[in-house]
Amino acid sequence: MSGRLKQFFSQRGMRKLRQDKMAMGALFVIGCYLILALFVVAHLPSPEAVVMRVGPDNIPGVFGTQTAEKRLSDAEFRLEALQRAVRTNDPETSLAEFRMGDLRILAGTPKAVESRIEGGWKAFEAVAVYDDIEAEAVALELLENLESEVAALFSPPTGFTALASFLRLSLGTDRQGRSIALRAIYSTKVAVQIGMVAALISVLIGTLLGAAAGYFGGWVDHLVVWLYSIFSSIPWIVMLMVLASMFRGSRFDGGLIPVYAAFCMSFWISPCRVIRGEVMKLKELEYVQAASAIGFGHLRILLRHVIPNTAHLMFINFSLLFIGAIKAEVILSFLGLGVKDEPSWGVMINHAKAEVLNGFFWQIGAATAFMLVLVLAFNILSDALQDAFDPKHV
Amino acid sequence: MWSYTARRLLYNIPVYLGIVLLLMLALRVNDPANAFLGKNANPEDLLLIKERLGLDRPFLVQYFDLLKSVFSLDFGTYSWANEGITVGRMLRESVVPSLSITLPALILTSTVSITIALISAFFRGRRIDRALMVLAVVGMSVSFLVYIVFGQYFGAYLLTRETGYSFFAIGGYESGLANWPYYCLLPVLISSLVAMGYDTRFYRAVMVEESGRDYIVTATAKGASKRKVMFVHMLKNAMIPIITRIMTTLPFLIMGSLLLEVYFNIPGMGRVLYKAIQEQDFPVIQIFVAIFAGLFILSNILTDVLYALVDPRVRLS
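If you read the sequences in order, they're chains A and B.
Sequential numbering of the first sequence, starting at 1, is according to the working numbering.
Sequential numbering of the second sequence, starting at 1001, is according to the working numbering.
Keep in mind the hints are simulated off the structure, nothing from the lab.
For clarity, every value in this text was computed on a predicted model and none was experimentally measured.
Be aware that one or more of the hints could be misleading.
The calculated lysine-lysine pairs, modelled on DSSO-like cross-linking and capped at a C-alpha distance of 27 Å, are [claimed, not checked]:
| no. | chain 1 | residue 1 | chain 2 | residue 2 |
| --- | --- | --- | --- | --- |
| 1 | B | 1275 | A | 353 |
| 2 | A | 21 | A | 6 |
| 3 | A | 16 | A | 6 |
| 4 | B | 1222 | A | 340 |
| 5 | A | 122 | A | 70 |
| 6 | A | 6 | A | 283 |
Only chain A is shown next, with the shape it has when bound in the complex (with noise of 0.2 Å):
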């Protein structure tokens, strides 16, 4: 086997692809993606980090700047935070145990605590009498004292927490307060698992249908064709939206089966298409009647000789399916059917429609960006396969 790989890796169209500088970029980039991936599965960022509260809602990241109001309601929110925290029965623990992304509050007695939010609570106050914060100077400075009085309760992380904390408010909080970037990159994960499954099944069950349609013709051939004009003619989101209807109230509700079992029915018919041509084409070549007059068994030319053939056109249909399958997820997403327990890049969009009305950019910005880059990166790669295997096709 290793002699075969090496003898795929060294043909011409490999060497070619291999040349090609977009295309090992395009491979690099998505190297990066699948070790995100990996750091997602190892629990960095772990499932509880990408829904914990971490600061107020819709905080803008490193560079973007806010209306006085929202900075005013950012350091009430702060202030109601504590004040809950001081407030219960036993405030010394849950002043030990207040936590808010990586602030804690600053050690002291509950008592020293409460005074301080009193303090705040003045300066607070004094800044919400004024009408139009920005258009007054006084306001302002007013405004600026009371976030330093803010920040000024809470322990500021240092050391690597503070880098941590710094990653996690670096492109703001969405709506719940969660932070965006830790979204984003957990979403890696979801896109990666449902790219990966969605292209391999679906490439699989084409190539096995294709080829054998192909190789054998007759009624396999008819069966096959019969089968995908069939799952053709309905279109994927109508075929999405009925499947999703057949999975609701079943255990598997809410999760990833529905939508993988969606994405390989309706994936499956492309790469089935080609390589049924490919293979009419390639078991009229000698080698293939070379093998069939040594005595070979139909299996295995078609096992050993035919569909590792076809191999490049695998490739560039993994590539294409795994493309399909993230821009899909999008789509089921916004109708309410796609992933559920956990962030995906499809769920983010959707939850930003809101926040885009009121001019809050960073949460659909980020996933769109994440999204942007694997997306183009596998656009480019399928680009420089088709070129440097498949040539000829439109």
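Keeping the supplied structure of chain A fixed, place chain B upon it in accordance with the hints.
Frame of chain A, contents of chain B only:
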């Protein structure tokens, strides 16, 4: 020619029978009446609703019943979610809104992307060609949903806020040609923008392939200018794959803008089907999907026949 058409028709009959069979099986995995009425439905209601649609009859009888109603175009079944409204009426009312988005979008996308592809192929390998192709690939890599969200924000929301004049509706639909630009132009533009990347790349590839053929060399050799070769000789021959591509997108005219319809609240076929699935409105789902698949097959046959007209070799294979 007629025999070819007849063959195509005959060939597609088992395909359609298969579709309807599969569709009906898929929809009956969860008992549709149960799903519609919810868990706490009383048994009498269940029986009543089953009887009304004949769900208590043997499967084969139901199968032929559905086929009969599709082939005789008789959709008198009542919707479950909308009392007193037949599926046929829902169909009639939703076709026009759907077409008023997809048809202009198809025309706009095709003309613009063929033009861009021509420009790109004309300047093949030069900076403008490369820039256009990079743009197309980047455009392809952004999700449909992002286009819609930003399109609505900038086109309908921000534009209205900044100019004080409402050019485009945020959503909704009213019939009539005068209302068309207000409600439909923005979705049409978005939909064209999304499709542009794919189409431009495809058409450019067609033209690049065509420009390598012998007749181009001949035309150049006899002294025709590059422009004349491109627009007179090449475009004519490139028309065959172009027409095929446009024809294959025709069936998607009906359901193609499902996302746009849902997002912009346009009562087209896509949105009706989407709502039916949300509400588990079984008769509507069943008939809509069956009709859609039928239209798809019909337009496939039409494409094949047109193709055979253009290229007689196809007929004989």
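We went through each hint and held it up to the structure:
1. Taken as a hint, the residue 1275/B and residue 353/A pair is honoured in the structure, with Cα atoms around 20 Å apart against an allowance of 27 Å.
2. About 21 Å separates the Cα atoms of residue 21/A and residue 6/A, which keeps this hinted pair within 27 Å; it holds.
3. Of the supplied pair hints, the one linking residue 16/A and residue 6/A holds, its CA atoms being roughly 15 Å apart against a limit of 27 Å.
4. A threshold of 27 Å between alpha carbons decides the hint, and for residue 1222/B with residue 340/A the separation of about 65 Å lies outside it, so the pair is violated.
5. Restraint check for residue 122/A and residue 70/A: the C-alpha separation of about 18 Å stays at or below 27 Å, so the hint holds.
6. Of the pairs offered as hints, the one joining residue 6/A and residue 283/A holds, with about 24 Å between alpha carbons and a cut-off of 27 Å not exceeded.
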